[in-house]
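Peer 1: In case you want the letters, here they are:
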Amino acid sequence: MALLEVEDLRVAFGNSTAVDGVSFTVEEGKIVGLVGESGCGKSVTSLAVMGLLPKGRGPKRSKQPVQVAAAEPAGGVVKAAVAAPQAVPATGGRSRGGGADVSGRAVFDGTDLLTLTPSAMRRRRGKDIAMVFQDPLSSLNPVVPVGRQITEVLERHRGLKGAKANQEAANLLDRVGIPDPTRRLKEYPHQLSGGMRQRVLIAIAVACAPRLLIADEPTTALDVTIQAQILELLKDLVDHEGTALLMITHDLGVVAGMCDSVNVLYSGRVVESAPVRELFARPTHPYTIGLLGSIPKLDLPIHEPLTPIRGSIADVIRWRDGCAFAPRCDRVAEACVEGEPALVGSLHAHRCVLAEEIA
Amino acid sequence: MTIARIEKLDRLIEASVSAREAQTGSLLRQSLRRLKRSPMAVTGGVIVGLFVVVAVLGPFIAPYDPTAQTWGKEVFLNRNIFPGPRAENWFGLDHLGRDMFSRMIVGARQTLLVGIVATLIGFVAGAALGGVAAAAGTFGGRWGERVEAVIMRTVDVALAIPMLLLALSVAALLGPSLSTVMIAVGVAQIPIFARLLRGSMLAQAHSDYVLAAISLGVPKGRIVVSHILPNSLGPVIVQATLVLATAIIEAAALSYLGLGNPDPGSPEWGTMLADAQRFLSGAPQLAIYPAVGIIVTALGFTLLGEAMRESLDPRLRRQE
Amino acid sequence: MSTEPQDEAPQAQSPDAGPALLEVEDLKVHFPIRRGVVVERTVGAVRAVDGVGLKVPQGGTYGLVGESGCGKTTFGRAVLRLEEPTAGRVTLGGDDVTALKGEKLRKFRSRMQMVFQDPLGSLNPRHNVDMLLSEPLKVHGVGSKEERRKLAIETLDAVGLPKTVLERFPHEFSGGQRQRLGIARALMLRPDLIVCDEPVSALDVSIQAQVMNLLDELQDEFGLTYLVIAHDLAVVRHLSDRVGVMYLGKLVEEADSESIYENPQHPYTKALLSAVPQPDPEKEATRERIILKGDLPSPANPPSGCRFRTRCPWAQDICAEVEPEWRETEAGHKVACHFDL
Ligand SMILES: Nc1ncnc2c1ncn2[C@@H]1O[C@H](COP(=O)(O)OP(=O)(O)OP(=O)(O)O)[C@@H](O)[C@H]1O
Ligand SMILES: Nc1ncnc2c1ncn2[C@@H]1O[C@H](COP(=O)(O)OP(=O)(O)OP(=O)(O)O)[C@@H](O)[C@H]1O
Ligand code: SF4
Ligand code: SF4
Ligand SMILES: [Mg+2]
Ligand SMILES: [Mg+2]
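Residue numbers (the working numbering), protein chains in the order written: chain F, 1 to 359; chain Y, 1 to 320; chain W, 1 to 341.
These are calculated hints, taken from the structure and not from any lab test.
Since we're looking at a predicted model, the values are computed, not measured.
Where is the CB? At the ideal position from N, CA and C, for every residue including glycine.
Take these hints with a grain of salt, some might be off.
[What the hints assert, rightly or not] Covered stretches of chain Y, as calculated for chain W (at least 3 residues, CB under 8 Å):
hint : region
1    : 203-211
2    : 214-220
3    : 224-232
[Said to hold, decoys possible] Residues of chain F placed beyond 10 Å of chain Y at every Cβ, according to the derived structure:
hint : residue
4    : 20
5    : 28
6    : 55
7    : 116
8    : 124
9    : 175
10   : 242
11   : 302
12   : 304
13   : 312
14   : 344
I would like the entire structure built from these sequences, with the hints used as guidance.
Peer 2: Take a look at the structure:
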């Protein structure tokens with residue numbers, strides 16, 4: 001069984017739907033990519049799985065839990081209706097007023113994370129599942145030495161104290177490739193470079209040997225040479241510790257180099273998912289094809305026009321009316337706006353009614 | 001490659017565009033929408049609105065002439081007898097037998113006037129100083145930097161003096177009158193506005209669109225006037241709302257200290273408060289009415305100002 | 001405005017072919033580091049740009065690539081006199097840009113323009129598209145109100161925006177459209193040179209491609225010469241005829257776009273190339289990776305000798321003592337390294 005199974009995850013902020021039925025799985029010891037452009041719902045998906053979205057108001061949920069409940073045995077109806085509101089503790093999140101309404105399932109090792117109480121989720125966060133964010137500076141506490149920030153986690157989840165915790169923290173820093181770790185432990189985040197800070201965050205994330213690591217654009221803020229260092233480190237962790245990694249990125253290059261399988265997101269839904277080699281060898285969904293055609297490659301003749309996707313992500317229709325990509329798709333046909341396109345296929349799945357003709 | 005035209009798709013796109021457009025609109029509209037949803041803004045707005053209506057219509061809605069000592073015979077100063085609220089005089093009588101309710105209503109106008117004029121003095125003079133300092137420092141070369149330094153050091157010194165002390169010295173210089181209070185309070189606000197506008201302008205001066213204007217060859221004066229200034233005024237205007245609240249309280253304080261209008265003819269809340277202090281033990285209500293009026297009004301302006309500050313904050317804009 | 005015949009602008013150029021439109025000689029920009037509260041003294045300098053020279057032929061594109069903080073933006077701004085150069089000379093079409101002052105400099109600005117990284121930040125939020133586009137013409141006294149409007153509509157058309165957007169404000173556009181507006185504004189005065197500082201790095205991949213294609217089209221249409229600055233080697237290579245690789249304020253390698261990729265000679269270029277993730281799993285699996293250790297040193301205190309030596313896998317003793325010279329290893333390929341690697 002897969003380590004993490006996300007099924008029909010939906011997240012809405014008030015009236016706007018950010019994630020619209022995302023499903024994917026992460027196997028033990030594998031790297032799975034979640035790729036897509038800005039605003040397609042990558043971060044919201046990961047925050048929902050981690051239970052880090054601000055809690056939503058009850059009534060707005062009414063429609064979706066019914067759908068979930070219908071798919072569940074009788075006992076589940078009560079569970080979904082009663083437990084769901086508690087599933088999203090009000091920590092973090094950008095919104096001040098409106099919270100997020102989350103529905104669907106995120107089954108980690110047999111338990112649905114979305115039904116856990118906030119305190120149960122807190123106990124799991126950091127221990128079973130850990131997260132690395134894009135902006136290392138704002139994820140670290142600026143007035144606490146990095147060593148203290150690591151030992152805190154060690155104390156909470158592993159019960160290590162004092163010199164033992166310090167020793168382990170130094171080991172961790174050494175593990176993520178920070179030279180002279182005992183000295184660095186006493187330093188504050190602003191004294192470290194961007195790459196170092198990201199290493200510290202990774203050290204904190206792996207402190208309790210989590211079984212799943214979620215990395216949300218961990219290298220987007222870094223230079224390419226530093227990015228190469230960090231990606232190498234993450235790959236190494238997966239290889240040696242057997243940690244599963246959910247890699248969120250907008251860079252298909254990073255996906256090609258890191259991932260075992262990949263899910264392409266568009267407008268809050270997975271539009272194509274496949275093992276990585278398969279996806280790059282036989283991209284099927286027009287959006288994936290368009291993304292690949294948009295990337296300048298180092299071995300392409302210079303000045304040769306790229307083949308971009310027209311329009312922007314603002315040109316979108318609702319999935320329930322048809323294919324959300326239709327306004328930008330060059331192959332669009334009548335069939336594309338006749339109801340919701342379904343995700344077809346298992347190993348190499350796609351959400352395009354004309355895919356068979358394209359392939 | 002030709003792209004098929006699909007009527008149904010065109011309709012769907014149109015629907016989604018118009019749905020989105022209903023939500024957006026100019027930055028001002030977005031801010032207003034946010035304001036309308038904020039309880040702080042609504043409370044502040046209602047208080048301020050009420051106050052302004054009363055101030056404008058005061059003389060027409062007041063039941064009696066606020067200066068007429070109609071019930072003078074019913075007040076006995078030496079025995080501390082001040083008739084309280086009753087059917088014909090809702091707030092009772094003051095020490096000269098005038099109707100308190102009418103005095104409160106008519107006095108709102110003077111109070112608002114003091115607040116507005118004082119704030120305007122501070123705003124205009126402070127913004128001029130701050131604006132000149134920022135413009136000189138940014139575009140005036142070596143000499144400009146010196147001008148900026150002189151202005152800002154002076155402002156810093158003025159800012160270090162307690163506001164009431166500053167106002168008191170101005171008032172001492174000009175002798176007691178209503179204009180003294182306005183000028184004194186206004187002058188005391190100058191440094192605040194100067195610093196605020198300068199800071200706001202300097203931040204804009206380092207923005208990319210100003211760099212773009214320079215690279216397009218836009219003359220310096222035009223950059224200041226048409227690019228930097230309009231984008232810097234937002235926080236200053238918000239501050240003005242907050243200053244109005246302080247100005248009302250300070251004007252009251254100065255009046256209370258006897259620097260206000262010595263002619264008790266036209267009522268003003270600060271002066272009323274000052275008059276009431278003589279009878280504080282026997283008739284505390286005489287002080288409570290104007291005091292509550294001042295506090296509530298100041299609170300209204302503060303709430304409104306804070307809510308405006310929040311609604312203009314670009315960091316909160318993204319959630320729309 | 002440019003009057004050069006456009007057929008003289010061949011697509012791929014060897015470095016010294018044709019007259020150079022932009023010539024930069026040994027440009028330096030040092031930012032003094034000041035200390036002290038009462039009496040300020042200068043205790044050193046951030047050598048953001050420390051002696052960079054290059055030539056861009058009329059109609060050509062020069063790409064400058066390097067990591068964050070290496071001085072790319074500062075260089076681009078100094079070329080346009082938006083930052084005061086500490087030393088060196090910049091000439092545009094034979095006119096010495098570094099010698100210009102005051103009103104002369106302001107007038108001259110119509111011949112050189114800039115496209116910014118942050119499309120929203122570089123547009124005044126209170127000006128609508130009409131004001132945005134006509135302002136440069138107004139301040140240079142070009143045309144009447146109607147003529148300016150006509151030119152604005154023409155330019156909007158060239159960047160792929162309808163004339164209906166004239167009354168709209170910057171925040172009402174998407175990121176890609178904003179960048180089109182920024183480009184349109186830079187085009188309004190029909191300049192000879194456009195410096196593009198990270199023109200696509202704030203945009204989504206699919207939008208990046210649109211803007212890169214647009215820049216290429218406009219170059220032909222308006223006979224533009226570009227200096228493209230970016231941290232993304234693939235973007236720079238795609239847009240440019242010639243590429244310069246910058247490290248800590250200096251050029252370390254310069255060559256035609258093709259040979260930078262096929263035959264990189266400087267260790268830093270090699271590392272940079274090997275670090276760019278390619279959207280191709282086969283290549284990613286077989287590629288030789290050079291993982292550099294450590295971070296960029298501070299430009300206030302660059303290493304002695306070769307600046308790259310603290311991170312260079314091939315560094316020898318000599319690298320710490322002697323600064324490598326800027327030498328031509330083959331026709332049109334220049335490198336600053338002691339060794340042929
Ligand atoms: N707290 C929030 N309140 C309201 N809307 C939100 C909130 N967080 C995210 N959204 C919206 O949800 C959608 C998905 O956002 P998300 O952050 O997941 O995108 P992303 O794929 O991570 O993009 P990026 O590449 O920019 O990080 C966006 O349209 C965003 O505006
Ligand atoms: N006004 C300034 N005063 C002092 N130092 C500066 C100034 N502007 C830039 N610097 C420094 O000069 C160096 C080069 O900066 P620059 O912005 O040119 O780098 P860059 O290559 O454009 O980097 P990025 O990719 O991050 O934009 C940096 O170390 C920076 O901190
Ligand atoms: S369903 Fe139609 S519109 Fe959507 S991607 Fe496929 S072909 Fe394009
Ligand atoms: S000169 Fe030495 S340190 Fe510098 S790049 Fe060449 S080998 Fe490396
Ligand atoms: Mg994100
Ligand atoms: Mg830069």
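Peer 1: Can we trust that residue 344(F) is non-interface, i.e. its beta-carbon lies farther than 10 Å from all of chain Y?
Peer 2: holds (21 Å)
Peer 1: Verify that the Cβ of residue 28(F) lies farther than 10 Å from every Cβ atom of chain Y, and report whether the claim holds or is violated.
Peer 2: Residue 28(F) clear of chain Y: closest Cβ-Cβ about 37 Å, beyond 10 Å.
Peer 1: Report holds if the minimum CB distance from residue 116(F) to chain Y is greater than 10 Å, and violated otherwise.
Peer 2: Non-interface label on residue 116(F) holds, nearest chain Y Cβ at 27 Å vs cutoff 10 Å.
Peer 1: Holds or violated: is the Cβ of residue 242(F) farther than 10 Å from all Cβ atoms of chain Y?
Peer 2: holds (38 Å)
Peer 1: Closest CB-CB distance from residue 175(F) to chain Y, is it above 10 Å?
Peer 2: holds (36 Å)
Peer 1: Does the claim that residue 312(F) lies off the interface hold, with its Cβ farther than 10 Å from every Cβ of chain Y?
Peer 2: holds (12 Å)
Peer 1: Are all C-beta atoms of chain Y more than 10 Å from that of residue 304(F)?
Peer 2: Nearest chain Y Cβ is 17 Å from residue 304(F), so the label holds.
Peer 1: Check the non-interface label on residue 124(F): least C-beta distance to chain Y beyond 10 Å or not.
Peer 2: holds (28 Å)
Peer 1: Under 8 Å between beta-carbons, do enough residues of the region 224-232 of chain Y, three at least, approach chain W for the coverage claim to hold?
Peer 2: Held - the region 224-232 of chain Y has 3 residues with a Cβ nearer than 8 Å to chain W, which meets the minimum of three.
Peer 1: If you count the residues of the region 203-211 of chain Y with a beta-carbon closer than 8 Å to a beta-carbon of chain W, do you get 3 or more?
Peer 2: It holds: at least three residues are needed, and the region 203-211 of chain Y offers 4 whose Cβ sits within less than 8 Å of chain W.
Peer 1: Against chain Y, does residue 55(F) hold up as non-interface, every C-beta pair farther apart than 10 Å?
Peer 2: holds (16 Å)
Peer 1: Grab the minimum beta-carbon distance between residue 302(F) and chain Y and tell me whether it stays above 10 Å.
Peer 2: holds (24 Å)
Going through the hint list in order, the structure satisfies each hint without exception.
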